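What follows is each chain in one-letter form.
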Amino acid sequence: MKEESKLSLEARRAFLGKLGLAATCTGAALGVGALGTIQTATAKSEPAASGARSGTAAEGGSFPTPDYDWTQHQWAFGVDATKCIGCLRCVEACKLENNVPRNAHQFRTWVERYVYLDGEQSARIDSQQDPVNIEASGSEKEFRFANRYKDAKVDKAFFVPKLCNHCTHPACVQVCPTGATYRTKDGVVLIDHEYCIGCRYCVQACPYGARYFDEERGVSDKCTWCYHRITKGLQPACVEVCPVGARVFGDTRDKQSPISLFIRNNRVQVLRPESGNAPNVFYVGIDKEVN
Amino acid sequence: MDPIIAVAPYTGWVYPNETVFEWSVLIAVYPYLTGLVAGAFTVSSLYQVFGFERLKPVAHLALLTSLCFMIFVPTPLLLHLGHPERAFNSTITPHLTSAMAAFGFFASFYVALLILEGWFAYRPFIVAQAQKRTDLLGRFYRLLTLGSYDLSEHSMRYDRKWIFALAVIGIPAAHGLHGYVGFMYGSLKSREWWASDLMPVIFLFSAIISGVALLVVLYVASCKLRKIPVDAACVKGLAYTIWAFIMVAIVLEALAFANLVYKGREGVDMIMQYVTGPLLVPYFVLQFGIGAITPFLLLSYMIWRGTAGKALVVGVTICAVLVLFSVFMMRWNVVIGGQEISKTGKGLLSYQMPLFGKEGALVAITLTLAPLALLYALTRLFPPWADKAKLTDAGSH
Numbered sequence: 001m002k003e004e005s006k007l008s009l010e011a012r013r014a015f016l017g018k019l020g021l022a023a024t025c026t027g028a029a030l031g032v033g034a035l036g037t038i039q040t041a042t043a044k045s046e047p048a049a050s051g052a053r054s055g056t057a058a059e060g061g062s063f064p065t066p067d068y069d070w071t072q073h074q075w076a077f078g079v080d081a082t083k084c085i086g087c088l089r090c091v092e093a094c095k096l097e098n099n100v101p102r103n104a105h106q107f108r109t110w111v112e113r114y115v116y117l118d119g120e121q122s123a124r125i126d127s128q129q130d131p132v133n134i135e136a137s138g139s140e141k142e143f144r145f146a147n148r149y150k151d152a153k154v155d156k157a158f159f160v161p162k163l164c165n166h167c168t169h170p171a172c173v174q175v176c177p178t179g180a181t182y183r184t185k186d187g188v189v190l191i192d193h194e195y196c197i198g199c200r201y202c203v204q205a206c207p208y209g210a211r212y213f214d215e216e217r218g219v220s221d222k223c224t225w226c227y228h229r230i231t232k233g234l235q236p237a238c239v240e241v242c243p244v245g246a247r248v249f250g251d252t253r254d255k256q257s258p259i260s261l262f263i264r265n266n267r268v269q270v271l272r273p274e275s276g277n278a279p280n281v282f283y284v285g286i287d288k289e290v291n
Numbered sequence: 001m002d003p004i005i006a007v008a009p010y011t012g013w014v015y016p017n018e019t020v021f022e023w024s025v026l027i028a029v030y031p032y033l034t035g036l037v038a039g040a041f042t043v044s045s046l047y048q049v050f051g052f053e054r055l056k057p058v059a060h061l062a063l064l065t066s067l068c069f070m071i072f073v074p075t076p077l078l079l080h081l082g083h084p085e086r087a088f089n090s091t092i093t094p095h096l097t098s099a100m101a102a103f104g105f106f107a108s109f110y111v112a113l114l115i116l117e118g119w120f121a122y123r124p125f126i127v128a129q130a131q132k133r134t135d136l137l138g139r140f141y142r143l144l145t146l147g148s149y150d151l152s153e154h155s156m157r158y159d160r161k162w163i164f165a166l167a168v169i170g171i172p173a174a175h176g177l178h179g180y181v182g183f184m185y186g187s188l189k190s191r192e193w194w195a196s197d198l199m200p201v202i203f204l205f206s207a208i209i210s211g212v213a214l215l216v217v218l219y220v221a222s223c224k225l226r227k228i229p230v231d232a233a234c235v236k237g238l239a240y241t242i243w244a245f246i247m248v249a250i251v252l253e254a255l256a257f258a259n260l261v262y263k264g265r266e267g268v269d270m271i272m273q274y275v276t277g278p279l280l281v282p283y284f285v286l287q288f289g290i291g292a293i294t295p296f297l298l299l300s301y302m303i304w305r306g307t308a309g310k311a312l313v314v315g316v317t318i319c320a321v322l323v324l325f326s327v328f329m330m331r332w333n334v335v336i337g338g339q340e341i342s343k344t345g346k347g348l349l350s351y352q353m354p355l356f357g358k359e360g361a362l363v364a365i366t367l368t369l370a371p372l373a374l375l376y377a378l379t380r381l382f383p384p385w386a387d388k389a390k391l392t393d394a395g396s397h
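Residue numbers (our numbering), protein chains in the order written: chain A, 1 to 291; chain B, 1 to 397.
One or more hints might be untrue.
Stated by the list, open to error - DSS-like mimics (lysine-lysine), calculated; alpha carbons at most 27 Å apart, straight line:
#1 K310/B - K227/B
#2 K185/A - K227/B
#3 K263/B - K358/B
#4 K141/A - K288/A
#5 K288/A - K156/A
#6 K224/B - K310/B
#7 K153/A - K288/A
#8 K255/A - K150/A
#9 K83/A - K255/A
#10 K83/A - K156/A
#11 K346/B - K288/A
#12 K346/B - K236/B
#13 K153/A - K310/B
#14 K288/A - K263/B
#15 K346/B - K156/A
#16 K150/A - K224/B
#17 K56/B - K227/B
#18 K288/A - K236/B
#19 K185/A - K255/A
#20 K346/B - K83/A
Said to hold, decoys possible - So these bits of chain A aren't anywhere near chain B, every CB distance computed over 10 Å:
#21 D67
#22 T82
#23 Q128
#24 S139
#25 R148
#26 Y149
#27 V173
#28 Q174
#29 V175
#30 I197
#31 G198
#32 V203
#33 H228
#34 K232
#35 V244
#36 S275
I should point out that these hints are in silico values taken from the structure, not numbers from a laboratory. Note that the structure is predicted; figures quoted are calculated from it, not measured. Each residue gets a CB set at the ideal place from its N, CA and C atoms; glycine is no exception.
Isolated chain A, as found in the complex (with noise of 0.2 Å):
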């Protein structure tokens, strides 16, 4: 309910900034002060105001929604461990969508999971990416979760979804040595792909394992909470295939959206947040050995 009345909320607003931007057009044909007029008009989607001063993707180019404007946005992404059934569809979605690497050591997301057994201290943990699930899935390709423990006896499990935390003091953004990559002003960390060099220094400095080396590309890349998709007022496709809702996404800006509720209904925690990156994924339902 509460996501229809977002979503039909960030419709609203795209078609009032198509407005906008018809009425502009019209003005700007009208040559009624065309110059301030058009100077007005497209700082209303800053982004596509920018990229056409500079031309550079980082501005422009990765911007192709010409009427959002990402000062008026601050994302954020919410996991409910709690409800997480580890099926993966997550990480084969996002896989899809945003053509990562069709292997099983390069991901934008992934599911951990963690299991007590009777009289053990400490969990055992594994992710998709352990070779015995990839036997039981039969493929790189496909993702699943072997029952490797079901002849044991379980004291505690759990599935933790993981992606980029797309920090407020990201360390990858301050290692880069060209500003490849970077934090957008709707708080999402990007790279531009036209810009990086594949030096790897960020992927060193990701203290989440967040980033892998594309290389095909030679480019780093990671998690973008589907950009090309928020800013179109859709979900990410991780959150949109979640078929329990274990994850959570939206605009804190806006006091209803999921993600603000999410953040007010529960006590949330980030993870490694003595590493003062201020993540942005707020998890519910972790345990200590989570980080």
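Position chain B relative to chain A; hints supplied.
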């Protein structure tokens, strides 16, 4: 078709993306080369700035060695980049919060400094050759004179001032360059093995000993090749330098390790499992035991006993080779070792170095030895030998 990725075997729990090793042996070669540059320059400065007269036989060799290695420093980095053609992006539009962005500036400044200092140091030789030779090489030297044939006392005094000033500036430049390499690792908070405040200084001191050790080997080898007697006083001077700096290097590294273990932060269990397991031989036996403690004890013994002559030369050369090996192992254990300990603190990976390929062992070995080939060529054009030193006295006092 998907490209082939080299997947590292692992034990325990590692993040899925970590199973591909991102920084290969080339990234271990890179700090090794910069270290040799800084160390060799230290020797040159000890003579030019601090007046260590006994190092005169290697002063010019040190300068040439430094230059040759510095020219090759960017090569492992360029080979490693996903887009080497974009390398200058970091210099054209440097991202100022990135330690790596400074590399282009540091490196080019330093190369320029080395070339300039080299030019002043070799100017009398260049002028002499330009006036003597009539062949093609003569033209080359005439070009290098840059139109200045003045070798008067006044002019030489001017040159000496420049050499002194450049050598003085070169000390912080060379050491800054290498300390900064250490900072690149030490400043990363993602890996406990790297995140040490002592990392820049550890890199610096190991750099100095490696450069001095390289000069011992090069000097002794050059004397053998040229069939001239080795200047034992010079070798002893270099031995003292190694001895003094290796003490600090060993102590610093031991302190860093003790800090890591004593603080015992999250993930230390895995580090202990690592250093007592896969890293036991590379770290404790090769880097410390054979590479650092043995030469330190041997040098101490020789200094204590006042060993002289051939025994001294042989002993110091053996120590120098061990030190060179130790410092390479240090780079390896930092760069590769750091990545073998998973960021999760709950698993270990194992780097499989390929023999062939862009980032294989053969390329790494070639890049490490290539500066020596360049050095050989340069010594033909600019003989650094002090015994024939009609070339210059410009640096002496």
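* To do: Assess, step by step, whether the Cα of K288/A is no farther than 27 Å from the Cα of K263/B, and give holds or violated.
  => holds (20 Å)
* Asked: Given the hint that K288/A pairs with K236/B, does the C-alpha gap stay at or below 27 Å?
  -> violated (58 Å)
* Asked: Within a Cα-Cα threshold of 27 Å, do K346/B and K156/A meet the stated pairing?
  -> holds (19 Å)
* **Status of the stated non-contact between T82/A and chain B (beta carbon gap over 10 Å)** => About 21 Å separates T82/A from the closest Cβ of chain B, which puts it past 10 Å; holds.
* S139/A non-interfacial with respect to chain B [C-beta, more than 10 Å] -> holds (13 Å)
* Distance restraint between K346/B and K83/A, which requires alpha-carbon spacing of 27 Å or less -> Between K346/B and K83/A the Cα gap is close to 25 Å, so the pair holds against 27 Å.
* Asked: Beyond 10 Å from chain B, beta-carbon-wise, is K232/A?
  -> holds (28 Å)
* To do: Below or equal to 27 Å on CA atoms is what counts here, so check K153/A against K310/B.
  => violated (71 Å)
* K153/A paired with K288/A [C-alpha distance capped at 27 Å] -> holds (21 Å)
* Taking the minimum C-beta separation from D67/A to chain B, is that value above 10 Å? -> The claim holds: D67/A sits with its nearest Cβ about 29 Å from chain B, beyond 10 Å.
* Status of H228/A, Cβ more than 10 Å from any chain B Cβ -> Nearest chain B Cβ is 22 Å from H228/A, so the label holds.
* Taken at face value, is the distance from the CA of K288/A to the CA of K346/B at most 27 Å? -> Holds, at roughly 13 Å.
This entry does not satisfy hints 2, 3, 4, 8, 12, 13, 16, 18, 23, 27, 28, 29, 30, 31, 32, 36, going by the numbered hints stated previously.
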